[in-house]
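Q: What follows is each chain in one-letter form.
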Amino acid sequence: MSVADFTGLFLAWLARLITGAQGHWKGCPPTAEQRIYFANHQSHFDWVLIWAALPRELRARTRPIAARDYWTSSPLKSWLTAAVFNAIYVSRTRTTPDEDPLEPLVEALEAGDSLVIFPEGTRSSKGEPQAFKAGLYHLAEQFPQVELIPTWIDNVQRVMPKGEVVPVPILCTVTFGEPLRRVPGEDKREFLARARAAVMAQRPMQQERNGTETAR
Amino acid sequence: MSSLRQMSASEQIGLLFLILFGLLILITLGGLLYSLKAGERSQAAEDNWRQFRRDLNATWAGSCLFWVAWVSGALGATLLFGVLSFLALREFITLMQTRRADHRSLILAFFCILPLQYILVGTRHFDIFSVLIPVYGFLAIPVASALADDPQRFLERNAKIQWGIMVCVYGLSHAPALLLLDFKGYEGRGAFLLFFLVLVVGIAQIVQEVASRSLRRRPVARRISRSFSLRAWVGGLLAAALTGTLLYWITPFKAGQALVMAVVAAGSGTMGGLVMKALKRDAGVVYWGNRSSITGAVGLLDRIAVLCFAAPVFFHSVRWYFKNNL
Numbered sequence: 001m002s003v004a005d006f007t008g009l010f011l012a013w014l015a016r017l018i019t020g021a022q023g024h025w026k027g028c029p030p031t032a033e034q035r036i037y038f039a040n041h042q043s044h045f046d047w048v049l050i051w052a053a054l055p056r057e058l059r060a061r062t063r064p065i066a067a068r069d070y071w072t073s074s075p076l077k078s079w080l081t082a083a084v085f086n087a088i089y090v091s092r093t094r095t096t097p098d099e100d101p102l103e104p105l106v107e108a109l110e111a112g113d114s115l116v117i118f119p120e121g122t123r124s125s126k127g128e129p130q131a132f133k134a135g136l137y138h139l140a141e142q143f144p145q146v147e148l149i150p151t152w153i154d155n156v157q158r159v160m161p162k163g164e165v166v167p168v169p170i171l172c173t174v175t176f177g178e179p180l181r182r183v184p185g186e187d188k189r190e191f192l193a194r195a196r197a198a199v200m201a202q203r204p205m206q207q208e209r210n211g212t213e214t215a216r
Numbered sequence: 217m218s219s220l221r222q223m224s225a226s227e228q229i230g231l232l233f234l235i236l237f238g239l240l241i242l243i244t245l246g247g248l249l250y251s252l253k254a255g256e257r258s259q260a261a262e263d264n265w266r267q268f269r270r271d272l273n274a275t276w277a278g279s280c281l282f283w284v285a286w287v288s289g290a291l292g293a294t295l296l297f298g299v300l301s302f303l304a305l306r307e308f309i310t311l312m313q314t315r316r317a318d319h320r321s322l323i324l325a326f327f328c329i330l331p332l333q334y335i336l337v338g339t340r341h342f343d344i345f346s347v348l349i350p351v352y353g354f355l356a357i358p359v360a361s362a363l364a365d366d367p368q369r370f371l372e373r374n375a376k377i378q379w380g381i382m383v384c385v386y387g388l389s390h391a392p393a394l395l396l397l398d399f400k401g402y403e404g405r406g407a408f409l410l411f412f413l414v415l416v417v418g419i420a421q422i423v424q425e426v427a428s429r430s431l432r433r434r435p436v437a438r439r440i441s442r443s444f445s446l447r448a449w450v451g452g453l454l455a456a457a458l459t460g461t462l463l464y465w466i467t468p469f470k471a472g473q474a475l476v477m478a479v480v481a482a483g484s485g486t487m488g489g490l491v492m493k494a495l496k497r498d499a500g501v502v503y504w505g506n507r508s509s510i511t512g513a514v515g516l517l518d519r520i521a522v523l524c525f526a527a528p529v530f531f532h533s534v535r536w537y538f539k540n541n542l
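Protein chains in written order, with the numbering used here: chain L, 1 to 216; chain P, 217 to 542.
Please note that a few of the clues may not be correct.
Okay, derived cross-link-like pairs now, SDA-like style, lysine to any residue, Cα gap no bigger than 20 Å in a straight line [unchecked claim]:
1) L/K162 x P/R315
2) P/K496 x L/N155
3) L/K133 x L/P101
4) L/K126 x P/T314
5) L/K162 x P/A364
6) L/K162 x P/K496
7) L/K162 x P/L363
8) L/K126 x P/Q368
The set of hints was computed from the structure by calculation and includes no laboratory data.
Hey, can you work out the whole structure from these sequences and the hints?
A: Here it is as structure tokens:
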């Protein structure tokens, strides 16, 4: 086993120790289908959580997206993203006007890999996800055979709020929903709204907590 | 009984585990035979059967843990209960609403106070061990919280964290303390005390559960627990007293004293169970874990909460007893 593999296993174990990282496969079984998992984004920890919730044999072919400028800025960061997580680098700034930022993602999908993307583009701390960016729509257009899995990560904002470094042990769940249907002739805005609603529909039920707790 | 008393500590402990696992194997075999028996069973019988199997599995897990804790000595026992504490506190905090500003206090609780408490147990510093959380932790948590500069619900948030630490860390750490505390004239037999405690509390709880089902008395606190009635509670205590008296030969106590100790332990344990139920109602859940909708917890806290309350009371009673009698 290489150091990178070992680090990967260790990180998954750590995520499980701290958060439980329970995967709930509500709408689809954890199979080796080619998929795009799209999830809400609240913390740097999100990716590790989804990754730890996946069965081990799916992890190697499921890849995250990393911003090139940030994640290649130090040897450790680039080793972590490239060797351990096999991440796909994207540039946040375009060097030429007609460069397609989705290009690396398209390549990975053509190679048969699954992706995890956070369509909000940035971390939100408001509880509800922000409006989705268009990337998901374009990928869905180009790869109609790839399953789109709405995913909700619950509680992770409590584990590591923005600006903190040390995670607090709190149980989190990752809920995987039913693959998003393709509706022929749907325009971009409708599709993205529907995708966002599908992600939010995976939120765990809160009816057992009493009203004031939910409101807070 | 006197021949049993004259055996060496390790022989007695060997015998204890032999009896424990022998009984468990017999019960499991009985259950296996019952499940092989064909025939229609009613819904209620099916539910009871499932409940029985869950409890039996938990008992197996508990007994194996107990054995591992004993075999691995001071370090192993401390580590084992430390991990249990960690998992229990994780479950507790998950269901309490915390705010961003609690982050530092929680880090302090999980990564400073918890390990420190268990290091103190492992190194047998029992004087500082029994005051670390009630005195120093009591002050440290609100200080960390105040420094986070968020006055909203300050008292409530701190109270919740303090409570979680008291139950999940302070309470539970008294279990390995029982294993490690060397009383004069009773060296190396701490396992018996822990065994005595767990068995007595377990029996009280089971008898109380069964009694509340068959007696159908009016519940004392209907909105907290529909099954907790005084009569069932007293039944549980009586069963615990009987078990404790029968087991007096493994303890340093005389028969009468064993009875009192059993009642003290069982009383605090079962009452602690009721308190835990109230807490769960407040948080709006029925179980601590095992519900896919909120968390993926295994419901560990449900299992050990009773021990968390019984262990400190029992520990300090035993300590007090030894100070006065030997």
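Q: Are the hints correct? Go through all of them and say.
A: Hints versus structure:
no., hint, result
1, L/K162 x P/R315, "13 Å, holds"
2, P/K496 x L/N155, "19 Å, holds"
3, L/K133 x L/P101, "13 Å, holds"
4, L/K126 x P/T314, "15 Å, holds"
5, L/K162 x P/A364, "14 Å, holds"
6, L/K162 x P/K496, "29 Å, violated"
7, L/K162 x P/L363, "18 Å, holds"
8, L/K126 x P/Q368, "18 Å, holds"
Hint 6 from the earlier list is the only one contradicted by this structure; the remaining hints agree with it.
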